[in-house]
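**Student:** Okay, here's what each chain looks like letter by letter:
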Amino acid sequence: MSARSRRIAGVFLRRFARALWDAKLGLSVPAGRRAAWARQIRLACEELGPTFIKLGQLASIRPDLFSAEIVFELEKLQDSVRPVPVDAIRARIRSDLGSNPEELFASFDPVPLASASIAQVHRATLAQECRPACGDTLPVGTDVVIKVVRPGIERIIAADLAVARRLISRVGGIGALKRLPLARFLDEFEESLASELDLRNEGRIADRFSFDFRDDPLVVVPRVVWRRSARRILTMEYIDGWRLTELDSVNRAGIDGYRLALHGAEVFMRQVLVLGRYHADLHPANLFVTRDGRICYLDFGITGRTRPEQRIAIAQVLAATVYGDADRALRYSRELGLEIPLESEDAVRSRVADILASTMGGPGPSDVRGFAVGFLSMLADYRIEVPPGYGLLVKALVTVEGVSRALYPDIDIAAAAKPFATRLIAREFMRPERIAERMPHAIAAALREFTR
Amino acid sequence: MSDDFMRFMATWALVHETADEGWKAAVARGVAGEGGEMTASADAFVDGLSAMIAEEKERLKAELSSGRTEPAGDKGDVIAKLDELTFEVGELRGRLETMQASLDAALDHGEG
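Going down the list, the sequences are from chains R and Z.
Using the working numbering, the letters of the first sequence map in sequence onto residues 1 to 452.
Using the working numbering, the letters of the second sequence map in sequence onto residues 1001 to 1112.
Bound conformation, chain Z alone (with noise of 0.2 Å):
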């Protein structure tokens, strides 16, 4: 939910990007991090979160220039898993090799 609450923000501000100079002051001041402090914290928050937002934007902007039309999420998390997977494999690959190698020492030492 929130990731689609930040998705709605970014739609927002993208089409209200040239109108509303509040929001992009917010924004400086959220990547600066010049929101004052935490115990009064509404000031501080906003504009974090403008940025938080601002950069959701960037990312949107990105996407529908790129002309990508399938569901964000789906994509990213298929080439996160391949990763994932490739890393695992590489580990156990990792493995393998060393107990060959130790393996290989041991018979060595009992032919010797």
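Only chain R is shown next, with the shape it has when bound in the complex (with noise of 0.2 Å):
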């Protein structure tokens, strides 16, 4: 057993035996259980290091494959690392774009701006202009960022990988892990991965999302230096603002939040139900507001997609759910494959009816995380599979109300979004094969009332 393997074997048995102290050995309720293990497994992460941070970053978006309570804990992941030196960022540089950063930018910041798993981030200026893929043509002197996939991280993510299979085949049948499919976990974050450290599928990502919202004066996304960019490097324009996550009272005052909360919500609306892709890692870090005030999007590393006939499901699972109907809300649900067997179905109904009522049907703000987490752990309750997609989607819905109450904290994201639901039904209701669905009941009706 190499060094590397006994430390992660080690950090795992430490962290599953506090969980379990932490569980009271197992005696508590079963939502404690869950969340004294989820986080155990957040700190085991934490102490890894990159490819344990990569990993529950990618465990935070699928509720489909792991519990609520460990894709909520996973979701706190702080992915900052100590930095690279800069020679090796300048070797990384000069070897894949044939000169050092010195040649190629009028200027070239040797202190990181930021250190992550996966790549580091430095500043510089162009030295030559550049015309993006969307957008003006870059002047020289642009200030840009260019982020570098860390030196040697391809080598220690595979390592620790082959780690972790191991563990895997030896651990992976034993009680409560046996019912998370971590191998087939292990098999798609390598295939995300190796999407992931290939940036420029980054940046042609950001290329079509700045493309998609062009028209839009509140969204701002950098354009691409795609010649000086290449597998490892990415070169973007430097937007000057501020994180979501570095928002205070001073610089929030000269922003208008509540307007920004509500044009993001309405994006990413956009995004799912008419363009039928969207930025799925919508975490306050990623998010800028710039200083006059618009919406900066960046990392553009996750995204989902949804197919049109989805899209009208979607649209009318978001209606339900902000109205409270949770009798419409399973019935479009089904139809987004989520599967709940017949015997079930009224004792399910009801409790998404009480879950509704709890969280989104009080006299204050709505509580879309609430409902989130009560919903996904009553289908863990009831052994209901959440479909892929459908999990992606719940997640980024609650990211968008986290991201709405970063700009805006007392924003009641499901009250913003009624106008949005009620207009989206109205337009379904007037599809032409819908009119023709529901002119026989229509027509039934009125001769009714006529006869009466």
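Hints are computed from structural coordinates only; laboratory data are not their basis.
What you are looking at is a predicted structure, and each value in this text was computed from that prediction instead of being measured.
Hints are supplied without guarantee of correctness; some may be wrong.
To be verified - Sample of chain R residues facing chain Z (criterion: CB under 10 Å; computed from the structure): (1) Asp96; (2) Leu97; (3) Cys134; (4) Gly203; (5) Val224; (6) Arg423.
Cβ atoms here follow ideal geometry from the backbone N, Cα and C, with glycine treated the same way.
Assembling the complex is the task here: the two chains are given apart, and the hints tell you how they should meet.
**Tutor:** Rendered as structure tokens:
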């Protein structure tokens, strides 16, 4: 057993022992047990470094595979690691772009702007003008950021994954672990990470997002400098502003937070329901508010897709949720692949109605996160599988609420969504096939009224 | 057909703009989203629809005042297609530029 294998096994053993203790040796209530495990899994990921931080981040958007407690706990993972020495970054730029950064750019800042598990970011300024795929030309002297994949990270990830696979083959069948599809998750993780390590993919998604919202004056996406980008390097326009995590009362005073929060929610709805592709990793650290009060979207590593036939059902589920209509929410959830056994149907409907009433129907602001946690836990209790796209969407919705609250803490996102939901339904009713489908019922109802 | 329907309703709304206070109230409720519960959705539906028709009416009004006579869809479609095409060319240019950068770097290493 290598030193790294021993360390990984040791950290997990220690954390699991602690989880066992925190869960009162399994005697606490199921949700309490799951929360204790979730917390220790998060701490283990942070302790074990980049591969496990990334694994945790990916698990945090998979409520179809992991419990609500794990998903929402892993969302708190801190992705900030010790920077790589600038000489290693310089060497990578030289190897991938042919010259030192000082020759490629008018200026290059050796002090990193950020250092995360996969990549490190440095500031620079353009030495040549650049024409992006979408938007105006970037002139000489434009401030840019250079995102560079950490040298050696591919090797570290491959080695850690090999250890993780060996561990899973030994302990994956024991106790609660056997309910988690860990081997399948590792396969998906490997595939997703390969895509994320090729930064050109992120650049292309950013370009597409920028194009999709080209007419929206409140949305900003950094333009990509393709001639200074390669597989492991992405150069993008620098946008000045505050991350949502940095917004305080002083800088919040200069922006219209309520308007931005509403607009952010509408942008998300447009992505899901109209464009069919959405930013699925929209936590407050991936969003900026510019100094002129616009929303800037960053980090397009994880995106979701919706098919046209799904979008109608999603619109109906969203509308049903904000209006507290359990029956409709479940009916259209079925169309999205949620399989509720007939024998549990009444009980599930009643539980959903309770959760809706307690989280969305009370006198105070609605609580989308509370609804999602309750709903996903209820599905786990009834052993109802969550379809992958459905889970990603539920998680993304919770994130939208979090982002909106970071912009405007008192916002009630469900109340704000009601006009949007009403219009969606009206639009849906106006589709010719819906009119044709409903016309016989409408005529029959009208005749009943006349002949009464 | 639904676009034609909306256009027809917008035309009706434009002609009857000053006459119908009930209609104006429905639009106001639809815009404000006070349409009521979806389970008893008839009112919410009418209000939401009224707001959509009012939006279409404003577009129609702007078109008429700008003196445009060509069918509304045609010019918009051409512009959208041109936009999409321009973006695709931009995307391809980006791909070529990044490939060129990688190729130049590889050649430099080969020569070095």
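**Student:** Hint numbers the structure violates, sorted upward?
**Tutor:** none
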